[in-house]
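Participant: The chain contents come next:
Protein chains: 4
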Amino acid sequence: MTGSGLVSRSLSKVRELVVNAAQLGRETVAKDPEHIRRQLQECAEGRGGEVSTRLRAARLAETYLHLDDAQRRGFLRMIAHEFGPDPAQVANAHEAYQAAVGTPAQWDAEARLRAAMRSRRLRILTQFNAIPQGVKFLVDLRADLLRYLADDPALKPLDRELETRLSAWFDVGFLELQRITWNSPAALLEKLVGYEAVHEIQSWQDLKNRLDSDRRCYAFFHPRMPLEPLIFVQVALLEDLADDVQRLLDIEAPLADTTKATTAIFYSISATQPGLRGVSFGNFLLKRVIDDLKRDFPRLHVFATLSPIPGLARWARRHPDALAAAVTPADAKRLAAAGVAADDFATDGVGALLDRLDGGAWAADAALAAALQDVLLRLAARYLLEARRDERPTDAVARFHLGNGARVERLNWLADTSPKGFAQSWGLMVNYLYDPERIEANVEAFASEGRIDASTAVRRLARR
Amino acid sequence: MTGSGLVSRSLSKVRELVVNAAQLGRETVAKDPEHIRRQLQECAEGRGGEVSTRLRAARLAETYLHLDDAQRRGFLRMIAHEFGPDPAQVANAHEAYQAAVGTPAQWDAEARLRAAMRSRRLRILTQFNAIPQGVKFLVDLRADLLRYLADDPALKPLDRELETRLSAWFDVGFLELQRITWNSPAALLEKLVGYEAVHEIQSWQDLKNRLDSDRRCYAFFHPRMPLEPLIFVQVALLEDLADDVQRLLDIEAPLADTTKATTAIFYSISATQPGLRGVSFGNFLLKRVIDDLKRDFPRLHVFATLSPIPGLARWARRHPDALAAAVTPADAKRLAAAGVAADDFATDGVGALLDRLDGGAWAADAALAAALQDVLLRLAARYLLEARRDERPTDAVARFHLGNGARVERLNWLADTSPKGFAQSWGLMVNYLYDPERIEANVEAFASEGRIDASTAVRRLARR
Amino acid sequence: MTGSGLVSRSLSKVRELVVNAAQLGRETVAKDPEHIRRQLQECAEGRGGEVSTRLRAARLAETYLHLDDAQRRGFLRMIAHEFGPDPAQVANAHEAYQAAVGTPAQWDAEARLRAAMRSRRLRILTQFNAIPQGVKFLVDLRADLLRYLADDPALKPLDRELETRLSAWFDVGFLELQRITWNSPAALLEKLVGYEAVHEIQSWQDLKNRLDSDRRCYAFFHPRMPLEPLIFVQVALLEDLADDVQRLLDIEAPLADTTKATTAIFYSISATQPGLRGVSFGNFLLKRVIDDLKRDFPRLHVFATLSPIPGLARWARRHPDALAAAVTPADAKRLAAAGVAADDFATDGVGALLDRLDGGAWAADAALAAALQDVLLRLAARYLLEARRDERPTDAVARFHLGNGARVERLNWLADTSPKGFAQSWGLMVNYLYDPERIEANVEAFASEGRIDASTAVRRLARR
Amino acid sequence: MTGSGLVSRSLSKVRELVVNAAQLGRETVAKDPEHIRRQLQECAEGRGGEVSTRLRAARLAETYLHLDDAQRRGFLRMIAHEFGPDPAQVANAHEAYQAAVGTPAQWDAEARLRAAMRSRRLRILTQFNAIPQGVKFLVDLRADLLRYLADDPALKPLDRELETRLSAWFDVGFLELQRITWNSPAALLEKLVGYEAVHEIQSWQDLKNRLDSDRRCYAFFHPRMPLEPLIFVQVALLEDLADDVQRLLDIEAPLADTTKATTAIFYSISATQPGLRGVSFGNFLLKRVIDDLKRDFPRLHVFATLSPIPGLARWARRHPDALAAAVTPADAKRLAAAGVAADDFATDGVGALLDRLDGGAWAADAALAAALQDVLLRLAARYLLEARRDERPTDAVARFHLGNGARVERLNWLADTSPKGFAQSWGLMVNYLYDPERIEANVEAFASEGRIDASTAVRRLARR
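Chains as they are written, first to last, in UniProt numbering: chain A, 1 to 464; chain B, 1 to 464; chain C, 1 to 464; chain D, 1 to 464.
The hints are simulated quantities; they were obtained by calculation from the structure and are not laboratory data.
Backbone N, C-alpha and C fix where the C-beta goes; we use that ideal spot for every residue, glycine too.
Treat the hints with caution; some may be incorrect.
If you anchor each label on the Cβ, the simulated ranges turn out as follows [to be verified]:
1) B:65 x C:244: 31 to 37 angstroms
2) A:176 x B:444: 48 to 54 angstroms
3) B:176 x D:459: 32 to 38 angstroms
4) C:292 x A:206: 35 to 41 angstroms
5) A:197 x B:205: 28 to 34 angstroms
6) A:206 x D:459: 53 to 59 angstroms
7) D:118 x A:252: 47 to 53 angstroms
My request is simple: use the sequences and hints to build the entire structure.
Facilitator: Okay, structure coming up:
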């Protein structure tokens, strides 16, 4: 009985898709711009009743799916340029509005100005929602749009309108938190494999291990995008703060005893829909996951991540002085003993040491590794606490967690010895700690003053 | 097993509600305007992270629920007046926009103007979505707003912004069509009883009869308003076009044999949420219901309503000439024989006949009823085909069905002999026919030219 | 979305029923005994493959549903008499078995004897399971059988075979505990109204009250009898041990605050299927309900019933000496003052007092009621602790709860002042207490020695 | 939302398991026979109420799971030998029964004899049902029992009693037909991989291919063994009768267009539970699958298998004469030309040719293969139509399908060129056709007279 409701529901979805595709397919897909323009106009005008408008929009959406990248860009440009508000009408409405400010007529005038600003672009796009899986279609369409945007700023108002609409649809109140387990549909699990962005899932066996009884996996879903996780987090239940991601990913490792677990480690968080950029729900995810975990495991009281430091090595290359400054005289001595000349980490020679750090081979040289440990940890601490871009932390993962109220708790040496781990941060990882007592204050301090919470140990490391 | 998923899901909802109410309840509800203004400002600014913003908004929403009508109006006025866009910023952005029109900078300028127009009102309102059943809360809040709007046009921009947001949320692509049966949750069925707007449901027995095997009931639901139908339609499966609603509502009537059914009669359609005024989904409902019925009963080929004519008697009072014009010399003779003087239906004396038609007593006088039949049917046909307000049919039900592509198929004499039926249309009812072949053309003709489709018989009746 | 799975599943059930009924209906139902005998033989032989055997059995089951009571009895007698084991074959197999006892051949011989005993009766009956809702059909058929059994002992082996089979099917491991709430299907709630055996449910309003947030209702279901509760219990969550059932049933009473609840009162337990006599699951129900309640309300620690004493008045009539013995000299004095002569409760005159106790009018006479209180409580205590039939408590409700490990905790004066309450026990009710610490020991002591656990107060009352 | 009900249900199952295991685990598992005997006696007597009996049984079942094979056999022997009926009591009851035959007392006496035969073995075993997943436990226990049975006939009565009980529990009326798709739980799909008995599933990719839109997979489930298929069938939807299983299994093959499908090929049927031997439901599976397919694909009208002939090569070894007889003079000539001497297929030299047929290398020799084709097809036709064991077809797959009413429709040359296919039937496969018009008659003819239905072509092949 278990799966039947699920199966039959998604089947009827599939059937509907097939039926509609067949209906739509009766006509050949017309990719001719003039034809598309005419269709867009019909959509924008909504002639012939809503039902037939939707059907027409559905055909147009199907057309879009058959276009190549250049054609899609043209399609979106056409919408952006030709279906915007009419500047003359806007000017009139604005004049009336300003004239009415302070009088009882102001409110009506505001509504009229708003109406004049309302573009037909969005009307067209949201009608595409009529195709099966229309929400997913629009999210993917926005992903296209974002790619084109860099070269084509004229798409910006269209993007903003679409972002606003997607923000409305993906309001966190509409999202559903679900646990994902080995009993979840294979079609969903297959997507996790594709979407996992932090520690690649190697096989179904690897996936099964990540869903075992000492793990938890949660995702947010939208009611109209079934089997499509928006963001998901993988959690390990442990007896202490994890300092080594290999141990977590090892499919041969024994099961942990969850009755003793005190610590939940979020070791992978992946957002899956590029088309939802700017629509935030990550912080709600962690909050709700923590609530759920606490209910199931009352002994849990430490909630932390074991996170990569994706921008560290790249940043070090750009700031040779930082590495130079991180080497104390004592370090320099040890480095010299391990065969690293002072020139190699001098500001203008820093490339030499960084080149040596490429790949993980150096880690096998115990003396060298020992000599580097303090230097690199110090450098990482300074990077996390001090490196800024546009007044926010340079590191994308740090931005996410610090913005959500976490603190930089601990740096871990040789914690991710995969090629990717060595490449991005010489194997270093960091624990961000979510302390329910401090989250609120941290969010506020970070948002208003850019203040970053960090443990004494990390703070001491960073100190000069 | 059947109901368990359902039950447990809604239970956890209830539990969540209780928990949150308890959290919120810790503070006494502060109804003081200054306090509310401060809270609104905090909401609008979103300080302290999204999670705490939501929590604050939830408290404010709870406050709203404890306000009386006058206080609510004040609350909404405060939002409308104090959290709108800043006219000066709008003026600046508009100036830059107009200056940029036609240049590559136009698009960016448009986005900036749009940003300047974005008010904090909506930001505040949508954060209320954070309370359990937040969507229903906002729908009900808009119902309040609509009531206040008549006296307080300054609320209009707030209403428009909220309507826009609700239209986004209640996009028909998000709605779920569900059959409602005697196996549906009692809590849902209880709501049908309360919401039924056409033919009052007298008892659970009456309701059960309307859900029997020769009936169907369908409703649209929103995923975040479970157990809350948005609009529902009651269908009877028959062998011919129903001409008598009493027969349909009679709980003693024998079950129809659905294997012989050729005709689906939509005998009651009720929209339930005043707060969704302007958000349309009724036409999609009928389309999807027809699709579903066809799949289950392949012999069905007639889809029609048996509808009230709610505005007929009221309209006749206001147009005494129409009644006078509907009486042919032959009618006049029959009326005279039945004791109705010619003066009683003369244009300036029409009140006399209309007064006699009050209540249904006249229907018991066979001679009088016979003499009136042609007159009233003719009057009704002209009312439906000709009476207009703002270029659209005067009758609200006619507006709905004709706008959806139906045609006026047949008028039925003594079809609703309830007090309400006599009062609004002297017992007359009308069948609107949904002919899948003609719907599209009808929608188009009605929308563009106001053309109304009608059967030959009705058209002949209306002819002068 | 919530209810859709539910609805569609049960619909497909209904559709299947209709389809099958139509298939079956092609032939007229033949009620002629010779025809039935032939059909039974075909069923018993299982000719033509299992699929067609099942179809044939389904036809026969449909036939049964169209028979009147006398015909059904004839049908069942035919199965009982003509499809039993063959005594001669049994004799042969038995002889071989006894000869083999103690030798290695014993086991095979036992299997052969068992095969010879296997009757075709059950084979016929269980094939009836092929009709939709076949399990319910067999349960109802056994209810018929039990009614006929009293007059027709020849049906006994058939009854025993069917009971054995039903016991296998209704093994408690297969039953599902479900909470019933106001969100449960109306079709299910309607059945509760019909099945409630202790305190009649007066209206949907009354039912809704019993499902409110300070109440719980649980039932056992069988996976093949959806929407058909087998046994259900109604629970009130209170702050003390209830002593008055009117208070619990009062639909005007305010909601209790469940966060303060310490006590769960089982105030109504109804078994619904007479055809499941002898199949026990009541004790599992209470155990699982207690577990579920504890999980949801950790402060709960008292689990008790507020139960009727259905056999008390009837027993008193049959044992006039018991009443006489319950009147102490002090009572006699008070009774005399209230107008009850000593003769009225003398062993041979006891009818007089009992006659006065008919109806509840006496309770309005404060002096009389006060004089009777001790007497009747004493009598009730002795009845519960001492009255035996076949070595088990005379009172059916006492048998159930004491057999499940409860103890007699408290007697309550004027606790059920309904006509039924006065008629069966002069308004007295009893609390049976389920003390998790004592249940096991009580069950054992009761089963092995017939020992009854009771509170000191009740024990003192009963003492002579 | 989709999977959540599913997930939470199975989670609560898991949690229950954990909790109970913890409860049980408090005591060390005692494997000492005397201790076990005592526990069995307590179970059989059911002391201390049903709840504690169940708990005790659950402990015993847990014990069983920790025993090794020899200990399990001892455990089952103990139950079989020591908890059977008492021969003396049986003798008494039997004597009374025979004395009563023909008198009104017969029926009561039969019931008493039946009671005397009722053993405590089954009582013990069914109480094991109390552990979570108790049904699966008993099915697995019977699988053990069947393994031991060959060497230990004394276990036979226990096996028969358990089979009878499992037959009652697995009555086809209780089974649920479910479609399995790529949306089914991964935990279920993983089991398919393990259980597939006909064409091994190589990878998740292979599995996904078998669940694609031109395939169907159905299984029977028991409500108390969720995620545990009892038997499953894989179906391909095609435009003609498949003659080549490689084509079906090729994961690179293009998707078939199911709108054109006329033919459903059951290309793999696997029963999964050895412990359910003797409990039949395979024929119901095919009937219900055919019904379901017809509803979804109205153009389907051919329902057939593409089946292995698992016993062909083995049978040919044992019947050298059959091969010799299958070679016509024309064949002999062709074989000689291909290098096969007449001696190699003479009755006493047949091993030589059969040895050459080992492995599939011969198939690459076009001349040899051509020379062998008629011979082997003829041999296979005779094997299927004529080879008998205990009056039923020697071939297990033939027994299954012919018993279900299929006919031998077509033999296919080089249809399964896997090593297994060559080994068991030199690459030959057979289509069994399920013709709804003939199934009933075929079942009857096969059951009563052993008559096998076959197409003219196959019949002609077999003719001598």
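Participant: All the hints need checking, so say for each whether the structure fits it.
Facilitator: Evaluated hints:
no., hint, in the structure
1, B:65 x C:244: 31 to 37 angstroms, "holds (35 angstroms)"
2, A:176 x B:444: 48 to 54 angstroms, "violated (40 angstroms)"
3, B:176 x D:459: 32 to 38 angstroms, "violated (57 angstroms)"
4, C:292 x A:206: 35 to 41 angstroms, "holds (38 angstroms)"
5, A:197 x B:205: 28 to 34 angstroms, "violated (59 angstroms)"
6, A:206 x D:459: 53 to 59 angstroms, "holds (55 angstroms)"
7, D:118 x A:252: 47 to 53 angstroms, "holds (51 angstroms)"
Consistency with the previously given hints fails for numbers 2, 3 and 5, ordered from lowest to highest.
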